[in-house]
Amino acid sequence: MSSEAAPPGNHVRHVVALLAGVAAMASVVWAPVGLVGDLIMLVVGVAALLFAGEAGTRPGPLRALAIAGALLAGLVTVAAGGVFLVALANALS
1 MSSEAAPPGN
11 HVRHVVALLA
21 GVAAMASVVW
31 APVGLVGDLI
41 MLVVGVAALL
51 FAGEAGTRPG
61 PLRALAIAGA
71 LLAGLVTVAA
81 GGVFLVALAN
91 ALS
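Sequential numbering from 1 applies to the sequence shown in my numbering.
These are computed hints drawn from the structure, not numbers from a lab. The model shown is predicted, which means the values in this text are computed figures rather than measured ones. A few of these clues could be false.
[What the hints assert, rightly or not] Have a look at the derived ranges for each label pair, beta carbon to beta carbon:
hint	residue 1	residue 2	range
1	61	86	36 to 44 Å
2	11	85	31 to 39 Å
3	19	81	17 to 25 Å
4	53	85	17 to 25 Å
Virtual Cβ for every residue (Gly too), placed ideally from N, Cα, C.
Model the full assembly from the supplied sequences, consistent with the hints where possible.
Shown next as structure tokens:
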């Protein structure tokens, strides 16, 4: 075994990180309308971003999948954060 071999388990982690980013994108479509739905989108996006960001730091040939998942989750987090802030401002005014 060479010193450049990735530890076992990173392949699955990288694929799951991509699936977490896709799940964050899906939460935008399937979340209920309103402040609660906006909060759900934000929480799912942040959770997916944290997991995919951590998986992207691990070595392996599928690392690009984890980075793609982190990018998807980051886009969802930024968009959901803005939508949540606007909905919260409308609810409080």
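Evaluated hints:
Checking the proposed 36 to 44 Å range against residue 61 and residue 86 shows it holds: the Cβ atoms sit about 41 Å from each other. Distance hint check: the CB atoms of residue 11 and residue 85 are about 38 Å apart, consistent with the given range 31 to 39 Å. Separation of residue 19 from residue 81 is about 22 Å and conforms to the stated range, judged on CB atoms against 17 to 25 Å. In this structure the supplied range 17 to 25 Å holds for residue 53 paired with residue 85, their Cβ-Cβ distance being about 22 Å.
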